[in-house]
Every structure is written in structure tokens, then in C-alpha cells.
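A.B. asks: Work the whole structure out from these sequences, hints included.
2 protein chains.
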Amino acid sequence: MAIDLHCHIFPPEYLRMARTRGAEIGAQIYRRADGREFIRAPGDFDYPLTEELWSVPALLEALARRRLAGAALSVAPPTLSYGAEPGLAADLCAASNDSIAEIVRACPDRFVGLATVPLQDVPRAIRELERAMARPEFRGVMIASHVGPKNLDHPDLLPFFEACQELDACVFIHPYEVLGSERLQSYYLWNLIGMVTETCVAIESLIFGGVYERLPRLKTYFAHGGGSFPWLRGRAEHGFRVLRNTRFAVSRPPSAFLDRIYVDCMVYSPSALAWLVSELGSDHIVVGSDYPFDIGPEDPTAIVSTAPGLSRQDRENILFRTAWRLLGIKVGADAVRATVSEPDPGPGR
Amino acid sequence: MAIDLHCHIFPPEYLRMARTRGAEIGAQIYRRADGREFIRAPGDFDYPLTEELWSVPALLEALARRRLAGAALSVAPPTLSYGAEPGLAADLCAASNDSIAEIVRACPDRFVGLATVPLQDVPRAIRELERAMARPEFRGVMIASHVGPKNLDHPDLLPFFEACQELDACVFIHPYEVLGSERLQSYYLWNLIGMVTETCVAIESLIFGGVYERLPRLKTYFAHGGGSFPWLRGRAEHGFRVLRNTRFAVSRPPSAFLDRIYVDCMVYSPSALAWLVSELGSDHIVVGSDYPFDIGPEDPTAIVSTAPGLSRQDRENILFRTAWRLLGIKVGADAVRATVSEPDPGPGR
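Residue numbers (our numbering), protein chains in the order written: chain B, 1 to 349; chain P, 350 to 698.
The set of hints was computed from the structure by calculation and includes no laboratory data.
All values derive from a computational prediction rather than experimental measurement.
Mixed in with the good hints, there may be bad ones.
A few chain P residues facing chain B, derived, Cβ under 7 Å [said to hold, decoys possible]:
no.	residue
1	Leu528
2	Tyr536
3	Leu541
4	Val550
5	Ala585
6	His587
7	Thr595
8	Tyr617
9	Ser618
10	Trp624
Label-pair ranges, simulated between beta-carbon atoms [as the list claims (entries may be wrong)]:
no.	chain 1	residue 1	chain 2	residue 2	range
11	B	Ala58	P	Glu434	53 to 61 Å
12	P	Arg416	B	Ala338	57 to 65 Å
13	P	Ser627	B	Ser55	42 to 50 Å
14	B	Ser55	P	Asn594	17 to 25 Å
15	P	Ser604	B	Arg312	27 to 35 Å
16	B	Gln185	P	Ser604	22 to 30 Å
17	B	Gly309	P	Gly432	47 to 55 Å
18	B	Arg105	P	Phe642	52 to 60 Å
19	B	Glu37	P	Thr595	21 to 29 Å
20	B	Arg21	P	Thr595	30 to 38 Å
21	B	Ala302	P	Gly432	46 to 54 Å
22	P	Ala483	B	Ala302	51 to 59 Å
23	P	Gly392	B	Gly148	20 to 28 Å
24	B	Ala23	P	Gly658	57 to 65 Å
Just so you know, even glycine gets a beta-carbon here, dropped at the ideal spot from N, CA and C.
C.D. replies: This is how it looks when you write it as C-alpha cells:
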């Protein structure tokens with residue numbers, strides 16, 4: 001039994017607003033000739049609008065089918081609406097968060113919420129974050145890997161990260177509207193390569209831009225195994241050391257901030273996960289399913305069993321302990337406890 | 350002693366043309382206030398024009414300093430001029446190749462040439478490739494990871510790859526003018542992340558676009574450890590298997606073409622190199638130095654010594670055997686032989 005920290009929903013209140021104000025938010029709900037409803041949203045997203053996107057029974061069924069004890073719910077990235085008018089985006093986020101809270105309240109043993117915020121307008125984003133974090137249903141926030149042309153080290157965004165640290169909101173950083181997409185149109189490369197590159201840009205921006213250095217208690221975790229970052233860290237390390245004409249906004253090398261990087265285990269290769277554990281430590285890795293999208297693994301915890309050389313402690317860290325420590329709440333503990341014989345050794349590396 | 354398969358020069362004939370026709374090719378040679386000459390070339394490139402870029406004594410001195418027995422010489426990517434008028438680009442490539450041949454002739458025990466071609470005009474590129482491969486100084490060609498908006502699977506480029514296979518020209522594929530550069534302006538990210546992402550796009554385009562499948566004898570190798578591709582192969586594999594709405598132009602999964610991917614060892618992390626060996630095999634890995642650029646490692650073979658768990662056979666494969674097999678010529682064999690006690694076991698995995 002595991003806790004899924006990468007599980008997306010389309011909040012019913014978002015869908016309701018997409019039906020009435022779709023043109024303004026860039027989303028469109030329409031019916032195809034075969035009668036099925038679809039949602040078209042920013043980023044060439046076009047997806048069948050089925051119950052699995054939003055209903056509590058479908059979510060619970062998916063958890064059970066995937067042997068998951070619980071999940072942190074975040075919005076599907078196409079709903080982020082960072083390009084919408086800020087006031088409308090704030091309303092949309094508030095509505096989405098109300099929906100997430102309602103789902104969590106229906107099953108507080110299984111779900112915890114990650115809020116969504118209008119990051120194109122930082123004061124509004126902070127207000128919505130405060131509103132969400134004041135509710136027992138939320139433990140953090142999901143944001144994208146960039147806000148239009150601004151990478152996550154942009155000075156405009158620093159007050160938002162300060163608020164996250166202040167409120168102890170765990171920040172799930174997810175790729176979105178990928179860079180270089182004009183070159184990634186074939187073979188789903190915008191996703192297979194673009195998404196994981198976005199995450200690498202996000203992590204290196206937070207490191208080199210000094211965000212981690214300024215905010216020592218900011219908690220972040222990243223989708224898809226941290227994207228290409230773990231693999232490219234050596235190059236970042238070398239660059240920091242040798243590039244004399246490059247201005248970095250941080251005093252220490254990337255390795256000094258590795259401890260701040262938490263990632264999910266969605267790397268699709270048991271040997272890659274084993275290497276990831278050797279680089280970041282199993283106490284920095286959680287389960288992610290990418291529910292409900294087709295790029296997600298059919299069985300999100302299978303890789304934790306098949307990765308070579310992991311100890312039982314490593315596996316339990318990845319399956320639930322790291323997630324509990326990140327969120328500060330033992331969601332799904334009843335179901336996990338039924339399958340674990342040993343007492344919980346508590347947090348720590 | 351090792352053979353360096355990633356060693357760039359600025360051919361003297363290119364520099365001569367940059368002085369006379371710089372405006373047309375987008376390059377500019379100028380003198381700064383302190384008297385030093387610089388070359389400014391496409392891709393925000395601005396570099397001191399010192400002897401190390403082109404002179405035989407400087408190249409030999411660099412080999413000796415880095416304990417390298419030999420090198421395959423390719424042009425520095427900023428000289429590629431794929432954006433120039435095709436006739437001029439063809440003249441420029443012919444001039445560059447004449448320079449490379451001259452350097453190789455000066456030290457045939459140490460150097461072998463990789464030609465440059467005007468890939469924006471495939472018939473001209475094939476003619477220049479044929480001209481180069483007819484000369485004893487050349488064993489292959491260096492090309493970029495894309496030609497303007499065309500990825501390497503573009504149908505226009507297929508005749509060029511057919512010619513490479515026909516002529517047994519080893520193709521060194523190097524990143525260039527990286528995708529998404531507008532988001533990669535800070536902290537040298539265009540290089541630290543962009544270059545390695547380019548290479549991943551090149552490899553997945555050749556795989557998913559069916560180029561490897563159509564051309565079973567095409568020999569390719571890639572800079573910087575194959576970029577982010579080795580790390581992301583699991584995702585590519587999974588995508589090929591599950592994405593029902595994506596059209597791939599190949600019948601077999603990425604793993605079926607892994608044997609076609611040769612890479613240099615420039616991954617800047619001993620544990621990453623060890624994992625790379627476990628994924629691709631040491632008989633698919635060569636030494637690369639990125640000479641003369643500052644992002645290159647000071648000691649390009651140090652990582653081969655420090656990577657954990659490699660056998661003597663693995664190390665010798667990476668240091669020289671894989672390079673000899675790829676090039677079909679034992680450049681630097683005299684210097685290597687002086688340091689190796691065992692007889693050469695020949696090619697094979």
C-alpha cells in the first residue's frame with residue numbers, strides 16, 4: 001500500500017465554470033459525434049470528460065485498483081489558467097479549491113488537498129494560498145514549472161515562495177506548456193521530452209536563482225522523478241564550478257541543495273530508480289501515478305518492487321514514509337498499517 | 350592514453366572566409382580594446398580567437414596535456430552556418446574540410462577528420478560528404494541536432510543519412526541552436542540544459558522517425574553522454590507502448606535501437622557514467638573532451654578511472670577500443686599500445 005503524491009483531478013467547480021465562461025479561460029467542453037463529452041484546454045489538451053476526472057467513487061476505485069492507500073489531490077495542469085485574466089483566474093482557483101476540499105472531506109482517510117493558485121498575480125496567489133492553508137483539507141499547493149516567460153527564480157515570484165515557507169505549504173512543481181514545443185510536435189515529444197526538461201529548468205532555476213538558499217524551510221517536490229535534473233546534476237555542478245563569465249545568484253553549488261529536492265518515482269525504468277535512490281536517497285522519493293493520464297504507469301508502485309538493490313526501508317520510504325513526512329500528515333495510515341509489520345521508525349535519513 | 354571523439358576546431362580557412370565574407374555567414378572577427386581578437390558567430394557565441402582553436406602545435410600540446418593519444422577533429426558548432434545561403438555554405442564547408450585535411454595530414458598518427466556539410470541543402474551536403482570521404486583524412490561527418498525547424502527525422506534529410514550509410518561515414522551528432530532558448534537565458538541554462546535536451550530530441554527523432562529502422566548500417570554517435578536520452582529512455586519506451594493516439598514511424602520500441610546509440614562519456618558524474626555503462630555497454634561509449642570550450646572537463650578521462658564498478662575491459666573500451674571500431678581506424682594506436690600490456694581482443698560486446 002502506498003501514498004500517491006502525483007494524482008490529478010478536474011475539480012467539478014472548474015468544469016462548471018468551463019461550461020459557462022470557457023471562452024474567457026481558454027477551455028471548451030464539447031460533445032463529439034459519438035455522444036462523448038470532451039474538454040479542450042490550453043496546451044493542445046483534448047481529453048474525454050469522464051467520471052474518473054472528478055468523482056469520488058471513481059477516485060476511490062482507482063486507488064483500490066492501484067493498491068494505493070491514499071493520494072494528495074492536485075488539479076490537472078491544463079486547468080491552471082495562468083494565461084487568464086487574474087481576477088477570473090482567482091475565482092477559478094477558489095472554485096477549484098472548494099471542490100478539492102469537498103472531495104477530501106468526503107474521504108479524509110484517503111485524500112489530502114494541494115491547492116491551485118493564480119500565480120500570474122502573486123498577491124492574489126498568496127491570498128488564495130492563505131485561504132486554502134487555513135482549511136484542514138490542504139497541506140500544500142501545486143504550481144507549474146513557469147509562469148509564462150517567467151522561470152521560478154523570477155523576483156516577482158519570491159513573495160509567493162516566502163508565503164509557502166511561512167505557511168508550511170508543501171509545493172508540488174509540475175511541468176506545463178513546455179519550452180521549445182514547436183520542435184516537439186512529433187511522437188508526443190512535447191510530453192516525452194518537453195515535460196521532463198521543464199522540470200529540470202524549474203529545479204535549476206530555483207537552485208541557481210538562490211530561491212532555496214534564501215528560503216531554507218521551503219518544501220518542494222517534483223513530478224516524473226525530477227525530470228532530467230538528477231541525470232544532469234553533474235553538468236550543473238561542473239558549470240557552477242568552471243563558468244567564469246556566468247552570473248549565478250547563489251553562493252553554493254547544486255549539491256548543497258540536493259537535500260531540498262524531492263521527486264516522485266515515475267522514471268519507468270527499475271535501474272533508473274535504483275540510481276535515483278543512490279543519488280537523492282529513498283527519503284527524498286515518493287510514489288506518483290500521474291492519474292488519470294495515459295502517460296502514467298499502469299501500476300505506479302511496481303517499479304518500487306522491481307528496482308534492484310533497494311532495502312525494505314528504502315521501499316517503505318518511497319511507498320509512504322517520505323510522503324507522510326513531506327505532507328506532515330499520515331494520510332492513508334490505516335490502510336498502510338494493515339500491510340506493514342514493523343513499527344514506523346519515524347522521519348530521518 | 351585515450352582517443353577523443355569530441356574535439357572541435359575553427360578551421361583556418363573558415364576563419365579566413367569569416368574575415369572576408371563575415372556579414373554573409375553571420376560571423377564577425379573583431380578586436381577588443383585590450384587588443385585581443387574575438388570571433389562572434391551564430392548562437393550568441395563570442396570567443397577569444399586564440400591559437401588553440403586552430404593551430405597544430407596547440408592541438409598537439411592539448412592532446413599531450415590531457416593524456417590523449419589522438420582525436421577525431423570536427424568543426425566548432427558555431428561555424429555550421431546552416432542559416433547561410435546554400436552556395437556560400439557549401440564553399441565554406443569545402444574550405445573548412447580542406448583545413449581539417451591539412452591538419453590531419455600534418456599528424457596522421459594523431460588526428461582523423463570529421464567533415465562538415467551544408468545540411469540546409471541536402472544535394473550539396475551529399476556532394477561535399479562524397480568529396481571528403483574520398484580523401485584518406487576523413488572517417489565521418491559532424492552534423493547538428495537539427496536543421497532550422499527540421500528535426501533529424503525530416504524526410505528531406507533521409508537521402509543524406511542514406512549517403513552516410515553508403516559511404517560508411519560515421520555521423521557525430523552535436524547539439525546546436527537549442528530549442529526553448531528564450532527560457533534558458535539565465536545561468537548558462539541554454540548550455541547546461543538546452544544542449545543535452547537537443548541531443549535527446551535528435552536521438553528520439555531518429556528512433557521514432559524510423560531512420561535507424563530504415564538504415565541498419567548507419568553509424569551515429571552523440572555528444573555529452575547522449576544528452577538526457579539515456580535517462581529518459583524508459584519514458585520513451587513506455588510512451589511507445591501505451592500512447593494509442595500518437596503515430597510513431599517505426600515498428601519496434603526504442604530498446605530495439607539502443608545498439609545504434611554511441612555516446613561520449615562527458616556526464617560529469619562517476620556514478621552516472623557507471624549507470625550509462627550498465628545501460629548502453631562500454632562498447633558504446635567513447636571519450637569526449639569538448640575541446641576547446643570551458644564547459645569541457647579539465648581531464649576528460651578522469652571520469653573513466655573514477656566511475657565505480659568498471660572492469661579493465663570497460664575502461665579500455667571507453668578509452669580507445671569503441672572509438673577505433675566506430676571510426677574503422679586505429680588513430681593513436683602507437684601511443685595507446687605503449688600503455689596497454691594485453692593484446693587487443695578486437696571488437697565485440
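A.B. asks: All the hints need checking, so say for each whether the structure fits it.
C.D. replies: Against the structure, the hints:
no.: 1; hint: Leu528; in the structure: 3 Å, holds
no.: 2; hint: Tyr536; in the structure: 4 Å, holds
no.: 3; hint: Leu541; in the structure: 5 Å, holds
no.: 4; hint: Val550; in the structure: 6 Å, holds
no.: 5; hint: Ala585; in the structure: 5 Å, holds
no.: 6; hint: His587; in the structure: 4 Å, holds
no.: 7; hint: Thr595; in the structure: 4 Å, holds
no.: 8; hint: Tyr617; in the structure: 3 Å, holds
no.: 9; hint: Ser618; in the structure: 3 Å, holds
no.: 10; hint: Trp624; in the structure: 5 Å, holds
no.: 11; hint: B:Ala58 / P:Glu434: 53 to 61 Å; in the structure: 59 Å, holds
no.: 12; hint: P:Arg416 / B:Ala338: 57 to 65 Å; in the structure: 60 Å, holds
no.: 13; hint: P:Ser627 / B:Ser55: 42 to 50 Å; in the structure: 44 Å, holds
no.: 14; hint: B:Ser55 / P:Asn594: 17 to 25 Å; in the structure: 24 Å, holds
no.: 15; hint: P:Ser604 / B:Arg312: 27 to 35 Å; in the structure: 30 Å, holds
no.: 16; hint: B:Gln185 / P:Ser604: 22 to 30 Å; in the structure: 24 Å, holds
no.: 17; hint: B:Gly309 / P:Gly432: 47 to 55 Å; in the structure: 49 Å, holds
no.: 18; hint: B:Arg105 / P:Phe642: 52 to 60 Å; in the structure: 57 Å, holds
no.: 19; hint: B:Glu37 / P:Thr595: 21 to 29 Å; in the structure: 22 Å, holds
no.: 20; hint: B:Arg21 / P:Thr595: 30 to 38 Å; in the structure: 32 Å, holds
no.: 21; hint: B:Ala302 / P:Gly432: 46 to 54 Å; in the structure: 47 Å, holds
no.: 22; hint: P:Ala483 / B:Ala302: 51 to 59 Å; in the structure: 54 Å, holds
no.: 23; hint: P:Gly392 / B:Gly148: 20 to 28 Å; in the structure: 24 Å, holds
no.: 24; hint: B:Ala23 / P:Gly658: 57 to 65 Å; in the structure: 58 Å, holds
Taken one by one, the earlier hints all hold for this structure without exception.
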